[in-house]
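K.L.:
Same order as they appear, the protein sequences are chains A and B. Its first residue numbered 1, the first sequence is counted upward by one per residue in the working numbering. Its first residue numbered 1001, the second sequence is counted upward by one per residue in the working numbering.
FYI, nobody ran anything at the bench for these hints, they're computed from the structure. Ideal placement from N, C-alpha and C gives every residue a C-beta, glycine not left out.
Covered stretches of chain B, going by a simulated chain A footprint (3 or more residues, C-beta under 8 angstroms):
{"hint": "1", "segment": "1513–1520"}
{"hint": "2", "segment": "1542–1553"}
{"hint": "3", "segment": "1577–1590"}
Anything over 10 angstroms on all C-beta distances counts as not near chain B; from chain A, calculated:
{"hint": "4", "residue": "Thr34"}
{"hint": "5", "residue": "Ala36"}
{"hint": "6", "residue": "Ser46"}
{"hint": "7", "residue": "Ser69"}
{"hint": "8", "residue": "Lys94"}
{"hint": "9", "residue": "Gly99"}
{"hint": "10", "residue": "Ala115"}
{"hint": "11", "residue": "Ala122"}
DEER-style ranges, computed between Cβ atoms:
{"hint": "12", "chain 1": "A", "residue 1": "Gly61", "chain 2": "B", "residue 2": "Ala1664", "range": "37 to 43 angstroms"}
{"hint": "13", "chain 1": "A", "residue 1": "Gly90", "chain 2": "B", "residue 2": "Pro1526", "range": "44 to 50 angstroms"}
{"hint": "14", "chain 1": "A", "residue 1": "Arg7", "chain 2": "B", "residue 2": "Pro1526", "range": "21 to 27 angstroms"}
{"hint": "15", "chain 1": "A", "residue 1": "Glu15", "chain 2": "B", "residue 2": "Arg1629", "range": "26 to 32 angstroms"}
{"hint": "16", "chain 1": "A", "residue 1": "Gly90", "chain 2": "B", "residue 2": "Arg1629", "range": "23 to 29 angstroms"}
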Amino acid sequence: MTRRHTRVALVDDDESVRRALARLLRCAGYDVETFATGEAFLGSSSIAALDCALVDVRMPGETGLGLVSALRGAHITLPVVLMTGDAEAGLVEKAQRLGASAVLAKPLSYADVVATIDAAVAGGAPVPANRKPAR
Amino acid sequence: MDVAMGPAGRPFESAARVFKGSWKGPVATAVAYAIGAQVGFHLRFPPATTSILWPPNAILTTALLVVNPKKWWFYLLAALPAHLLVELPIVKPAGMVPLLFVTNCSEALIAAVIVRSFSDRPDRFDTLRRMVVFIIGAVLAAPALSSFLDAALVSAMTGEPYWTIWATRVPANALTELTLVPPAVITISSGLRRIREAPQARLVEAIVLSVATAITGLAVFGDHIFKMWPMSGLPAISLAFPLPFVLVAALRFGPIGASMSLTIIAGILILTGMNQHGPFSTLRPADGVLAVQSFLIVEALPLMCLSAIVEERRKTNADLRDRLTFERLLSQLSREFVRSPTPALSQHLEAWLGRCAEYFHAEEVLLLRIDPGARALTVVQSWTHRQGTSTADHEHWRSAAVLDRLWDGTSAALSDSMAVAAMGSGAQMFGGLAIRRAEPGHLTPDDINRLRLIAEAFANVLARQQGEDDRVRAELEAQRSRAELAHVSRQRSMGELTASLAHELNQPLTGILGNAQAARRMLGMPSLDLDELKATLDDIIADERRAAETILRIRKWLRKDGGETVAIDLNNVILEVASLLRNDAVLRNLSLDLRLSPLPLMILGDPVELRQLILNLLLNAMDAVSQARPASRTVSVESELTAAGAVHVSVEDSGDGVAKDAAAHIFEPFYTTKSNGMGMGLSIAKSIVESHHGSIWLAKSAHPGARFEFALPSHEARP
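All chains, full assembly: derive it from the sequences and hints.
P.N.:
Here is the structure:
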């Protein structure tokens, strides 16, 4: 599998979500590292070794958007896929402007998440039109 | 209340009825005059020519006392033919007959003028004053004065000595006036009805007394007793024997009793005297006449006065008793109306109306209410003597005449037997009390006045009922609108929470979907890790539960019903709402501090409303801090049981606080300082606190932010 050694960071404050998505990503063949907060992720030493990050938008403390801008501010080009539970107006555009690769709507489907991460890792077009978060 | 009073307060109504028409009265007078003259001529002790009684003058006096002075001439003129008819064949010379008519008339005129001038009721003899006026005017002055004229005429025509004529005429006329006029006048003006209405026992008593008087009189004056026990000196005291009967008659039956019994005795004395029996049989006839007259006058004067005094006392007592009965009734009604709780009022209304009916001797009493809008009357409650009366039977009370009187605020008799009294406050009339008696002709101004006073007591009931109706209606209205508002507000606050709730629901759904898809992948893997699969399924179940809980919470929150009052721990309510908001608080980057009392804070209340109360206060506080720096966004909730036994809760925020001019309006509906606020949150909180008998206020805070506090009565079972 091409993604045998693809390393994905999962950042979500909700433990059960974190566990479920980590399980899903592992089943898809990614190497997964989880973080409970944006701060923990940004302070991690393994960022450089990562291929992609799947980040929740709404989190206490550092939010998903904050995390993207922090990475870009540090000139880190790591592809970031955001996920959100609600359809905040202008979120997709904002994410795109900040440099996120895509925004996925929770709950995530296996096919979507794999396709999006693979595209992000491959440096493909960020945020496909049909990937707008569902209302 | 014996004398009839018409609607216009016109006295002598039944006299007018007896003398109805323009000719019946004068004819009756003429007939009575003729009979009276015949009787007078025969009541003599022959060979003396003087009459012991002379009824014609007294009959004229009676007529003049009863009829309107404007009609006097008619009555006097009617008596002239009777006078001529009776006297022309007897009196010689014939030329004296018309002159005697003039003197007879002069006596009646003098009597009537004096009595009418000085008596408040010339047709009644039931007070000492009325009786004394009658005695002075009709018994003393009229015979004395008219006799001067009479004696002069007779003396000139016959040559008899002037003073002899005067002295024989005065006692005869005085005695007749005294014994005949009061019973005649009383009978004409009110006596007939009195006899008709008198209890049977009373009639029997009167008959027994009359018969006993007659028998005693006949026995003693007819000399029968003294023939059986001839004892010297006894005839002289025989006059005393009938006295007890006269006294009893005077005491029991008043002036009419005294007059009647005196008439019986006079009749017996005259009858026996004419047969040379009785106490005066030893005297010369002329002296016998004078003796009989003197005896009767001397006996009658004090007896008539006594009977008047007794009557007056009796009447005063009756009035007093009646007044006391009335006052008792009025005070009982007023007291009960004030004391009874309003719902109990209508239950007892009929019984109270029944008591009024009893007092007024009415067979129907109604409590009416004016419907100002329709200008119509409705029967609030009625009491009627007959059973099974339907409201349709009250139609005669709904007439325009009744409504007009009540509308004008008047209390008046509508007819002989119907009266209404208006009730209202100030110029605003809202109802009336109406009574109807079975027998017509009974309603006096006194009755109307008392009806008015009773109506005032009932007005209180109507007013309270009206007030209670309004209050209950307002309360229901307020309750309903509060419930509506609370529901709307709950939906709104739900809307405000949608973002966090969506997040809260999405998290377990994300977990479930992720785990389920992962599990499916695991099943397709060559090496199946059963433990990992089991853990995955467990996570799915846990997330499923979590989602269900959230949904349950939302459903509970949006529930529209409520209104159930239960004992509830307010700490639990605060915890419940806080858990609902916790996620929101996290996302808004604010800290929600709960410092709740370790003891349960039991209160009586509606859980739905109480959750709403806490939610509104917390959302308000969370909105207030949203503009502050994230590090200092704090909302803290404290709860405690005060020493005074109240449950006290404060919600403090670290926002900018409430501006001074806003503080006065902060609990008013639709008052808001937020651009997207509806201004309902705090006003709903206030109405909820107040419906739970508590109070809410904006407290002084040591910090810049706002501090809302509320207190509710504790439902703690006190040790």
